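A.B. asks: Each chain is listed here by its residues.
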Amino acid sequence: MIRVSMILLLLVLAAASAPAWARADAGTCFSCHDRAAFTGRVVHRPVAGGRCGVCHNPHVARFKGLLRQRQDTLCYSCHRQQKRLFARGVVHQPVADGRCTGCHTPHAGSRDLLRKDLASACFGCHKDLARKYRYTHQPYARGECGSCHRPHQADNLELLVRNGDRLCLTCHAGEDLAAGHGGFPVPAAGCLSCHNPHGSSRAALVRDELHPPYRKGCSGCHRPGGLTMARCLECHPDVQKQMLTTHSHLTRQDSNSCLNCHSPHAGDTGALLKGPVRLLCVSCHLRTLNGYRKSRFKHPDIQDCSSCHEPHGSSHLAMLKGDGIKVCVRCHEDQGKFTHPVGPGVLDRQTGQEVTCVSCHNPMGTQYSYQLVRDGKKALCVVCHRAY
Amino acid sequence: MKNRCSVQYGLLLALALSLALAGQAWSRSASGWQWSLVLKQDKVSDAMRMPTALFIDGKQGHYYVVDSGRNRLLSFDRQGRLLHIFNAGKGLKTPYDMVRTDSGDIWVVEKGKNSLSRIDLKARRITTATLRYRGALVYPDRLEAADLLYVLDKASGRIIAYDPSSLKARTAFTCPDCASGFVDFRIHSGRLWALDRQDRQICRFRLDGTLEKTLPLDGRLNFPVSLAIGPSGSLYVLDRHSRDIVVYDQAGRFRYRFLDRGISRGQLYYPVEIRFDPWGGLCVVDEGNARVEIFRR
Numbered sequence: 022m023i024r025v026s027m028i029l030l031l032l033v034l035a036a037a038s039a040p041a042w043a044r045a046d047a048g049t050c051f052s053c054h055d056r057a058a059f060t061g062r063v064v065h066r067p068v069a070g071g072r073c074g075v076c077h078n079p080h081v082a083r084f085k086g087l088l089r090q091r092q093d094t095l096c097y098s099c100h101r102q103q104k105r106l107f108a109r110g111v112v113h114q115p116v117a118d119g120r121c122t123g124c125h126t127p128h129a130g131s132r133d134l135l136r137k138d139l140a141s142a143c144f145g146c147h148k149d150l151a152r153k154y155r156y157t158h159q160p161y162a163r164g165e166c167g168s169c170h171r172p173h174q175a176d177n178l179e180l181l182v183r184n185g186d187r188l189c190l191t192c193h194a195g196e197d198l199a200a201g202h203g204g205f206p207v208p209a210a211g212c213l214s215c216h217n218p219h220g221s222s223r224a225a226l227v228r229d230e231l232h233p234p235y236r237k238g239c240s241g242c243h244r245p246g247g248l249t250m251a252r253c254l255e256c257h258p259d260v261q262k263q264m265l266t267t268h269s270h271l272t273r274q275d276s277n278s279c280l281n282c283h284s285p286h287a288g289d290t291g292a293l294l295k296g297p298v299r300l301l302c303v304s305c306h307l308r309t310l311n312g313y314r315k316s317r318f319k320h321p322d323i324q325d326c327s328s329c330h331e332p333h334g335s336s337h338l339a340m341l342k343g344d345g346i347k348v349c350v351r352c353h354e355d356q357g358k359f360t361h362p363v364g365p366g367v368l369d370r371q372t373g374q375e376v377t378c379v380s381c382h383n384p385m386g387t388q389y390s391y392q393l394v395r396d397g398k399k400a401l402c403v404v405c406h407r408a409y
Numbered sequence: 034m035k036n037r038c039s040v041q042y043g044l045l046l047a048l049a050l051s052l053a054l055a056g057q058a059w060s061r062s063a064s065g066w067q068w069s070l071v072l073k074q075d076k077v078s079d080a081m082r083m084p085t086a087l088f089i090d091g092k093q094g095h096y097y098v099v100d101s102g103r104n105r106l107l108s109f110d111r112q113g114r115l116l117h118i119f120n121a122g123k124g125l126k127t128p129y130d131m132v133r134t135d136s137g138d139i140w141v142v143e144k145g146k147n148s149l150s151r152i153d154l155k156a157r158r159i160t161t162a163t164l165r166y167r168g169a170l171v172y173p174d175r176l177e178a179a180d181l182l183y184v185l186d187k188a189s190g191r192i193i194a195y196d197p198s199s200l201k202a203r204t205a206f207t208c209p210d211c212a213s214g215f216v217d218f219r220i221h222s223g224r225l226w227a228l229d230r231q232d233r234q235i236c237r238f239r240l241d242g243t244l245e246k247t248l249p250l251d252g253r254l255n256f257p258v259s260l261a262i263g264p265s266g267s268l269y270v271l272d273r274h275s276r277d278i279v280v281y282d283q284a285g286r287f288r289y290r291f292l293d294r295g296i297s298r299g300q301l302y303y304p305v306e307i308r309f310d311p312w313g314g315l316c317v318v319d320e321g322n323a324r325v326e327i328f329r330r
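Protein sequences, first through last, are from chains V and Y. Taken in order, the first sequence gives residues 22 to 409; the numbers are from our numbering. Taken in order, the second sequence gives residues 34 to 330; the numbers are from our numbering.
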């Protein structure tokens, strides 16, 4: 009985002696920090309640800004539903990285606690996107990125709120659509294969580059026998050669493999791709991208997969443009001249294969610095140098 | 009394911890597969380069490996000893898969020629054939032989059965709702099993082309490239990017996965095909490590 009483007494004393910052209002904090910096159209609830100690430790912390925990851990400690939701489907990179404050201010800001308006937040990272075109899609011109894209997570690539044509048809439906596509023998479909959803120098947002046969009319390709891959290869024999390799991208059930990636009518560049290269690749290889994103150390600036990979076909591993040396030394010239012995004559005794850059590095990401496939202090070396 | 309670709690805690640890290790240890043999060129300077397929001649007890990067075929005995190296007088161009029929002919998919080539060993003659199906050019990829020659068309993702004597198409196996078609298939117990990578499912057909069943596989698969059906009917799926093998029961329920990435013995780098041999071995063709690893229970 005495023991129980002692425990209760200790608990009461512990509660009474809790640090001042944990129970006091924010008055103490604002004696140094300008209160005006914590006001805005929308104020984060803990700030409005003066509970600075929910996120900050006033004395010492392991995280920048005296945060008690990593910022996303802190955010999700209250926003639990979001944590579950943001783990599904296609996730926006800052969300996947746990950088909530990339777009949101934790104290006070505009609607949804955004640092700026939504468009400014988007263009802050997406700097390669033109703000204006000769013909600009109206929602894009108004900075309404959220009309088509979700900011955190979506079930569709490019964080689109709906997939493919369904998204376009929410606004563009009815007679106008039919009238705009007069002369087309089939109902309009695959909108983005011809139209750029942001803008274009052509009316009706038709992408800038037209396929030369399409410029002349339809009959160049639409002949009896259907629009088969063989028809494409009649004019592109060089691509045919790339298909006759160990691994190729010939994959499409009952259809034309070329149309997986290329538009037969119009594109933003001469290659008439249906979208940015990385977007096309991740439409099938999403897990590869997710693996890359989750890796601690990875090759920076992987925007265009075709910098290293041959999109049509290759007889090299991973459909690389060359062997595991040639592809790398195009950029890493110094390493091409001075490195651990690699190349012809330098053979891994376990496999008999040439030692190349990718024997030790994996540009798609690893958990070790320099994208090494194992710990470079020892584990990597002793795979071959066993005597050490 | 107090001490007894403590001992009981301690035992319970130890039991719980053991169960948790055992659960983690279960998926690997449950496999029971042990490395047994490797098929590779002993001479390092003449090692294979990007082998892509294995054919097993159960009657003769030989393994045949398609050495795609060096344009040749290698045969090994059951102990893994190299028997012959055959390049058809340097006539092969990017061979990818092969079968040997009862007549003794070797059929090779040559990607470099986009052909299904027949090698008549007795007559020392190679005959190349460009395949078509309903007028469309076929891009042969994977190959199996039974009474007919079964060819996976890389371009359409469908499997087409050809008469070996006339090379006329007899039957086609098409996935009704696949985004990209099949990437590998096996003929087992009078059924054709086909792997659909994009939708992560296995389709089972009767040999007349009728689809019998579709088995959706769970989300564990990263980049499935090959399948094999085990002696007990379990489905083995090779995951190229995860560098392991995922095993499902006949209903498509996950059982376990095993193997991992590396270049050491028993590890995988860029695996491309799996097959069972008639002697209980599970053979993995590893393009990246340029060898065939054989595992047994």
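Be a bit skeptical, because a hint or two may be false.
As the list claims (entries may be wrong) - Distance ranges between label pairs, derived from CB positions:
1. Y:244 / V:351: 25 to 35 Å
2. Y:244 / V:182: 29 to 39 Å
3. Y:120 / V:118: 50 to 60 Å
4. V:211 / Y:297: 40 to 50 Å
Simulated from the structure, these hints should not be mistaken for lab results. Being a predicted model, the structure only gives us computed values, none of them experimental. All residues carry an ideal CB built from backbone N, CA and C; glycine is no exception.
A.B. asks: Could you run down the list of hints and mark each one as holding or not?
C.D. replies: Now the hints, each set against the structure:
1. Y:244 / V:351: 25 to 35 Å: violated, 47 Å
2. Y:244 / V:182: 29 to 39 Å: holds, 35 Å
3. Y:120 / V:118: 50 to 60 Å: Holds: the Cβ-Cβ distance is about 51 Å, inside 50 to 60 Å.
4. V:211 / Y:297: 40 to 50 Å: holds, 48 Å
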